[in-house]
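The working numbering runs 1 ahead of the 1-based position in the sequence shown.
Source of the hints: derived by calculation from the structure; they are not laboratory data.
Heads up, some of the hints might be wrong.
[Unchecked claim] Restricting the straight-line Cα-Cα distance to at most 30 Å, the calculated cross-link-like pairs of lysine-lysine (DSS-like) are: (1) K52 to K24; (2) K67 to K52; (3) K29 to K52; (4) K24 to K67; (5) K52 to K62.
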Amino acid sequence: KYHNHITKSANKIETTMANDPIKIQHTKTGASCTIYPFGAHLTSYQTGSGKELLFLSRDAKLDGSKAIRGGIPLCFPQFGQP
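With the hints as extra help, turn the sequences into a complete structure.
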């Protein structure tokens with residue numbers, strides 16, 4: 002299964018397999034981020050100069066076997082029936 006991405010012209014997005022991280026890079030500034038589909042988790046945000054702005058535990062498991070430690074979980078809460 003592949004992820005389909007809609008993008009603005011200023012961004013470059015890779016198409017990846019469902020369990021692979023999604024890497025997004027802004028072509029003008031060079032800023033980039035990495036999102037893991039497992040847990041919908043943002044694990045990295047780097048400025049155009051390469052400075053990492055997010056904490057990710059070195060004990061984090063990125064293989065889908067456990068919840069990711071650190072980063073930012075992207076939560077879409079649902080209350081009640083869909």
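Quick rundown of the hints versus the structure:
1. For the given pair, K52 sits about 16 Å from K24 by alpha-carbon distance, which is consistent with the 30 Å threshold.
2. The hinted pair formed by K67 and K52 meets the criterion: a straight-line CA distance of about 27 Å does not exceed 30 Å.
3. For the given pair, K29 sits about 16 Å from K52 by alpha-carbon distance, which is consistent with the 30 Å threshold.
4. As the CA atoms of K24 and K67 are separated by approximately 21 Å, the hinted pair is consistent with the 30 Å bound.
5. Between K52 and K62, the direct Cα distance comes to roughly 22 Å. Compliance with the 30 Å bound is thereby established for this hinted pair.
Checked against the numbered hints given earlier, this structure breaks none of them.
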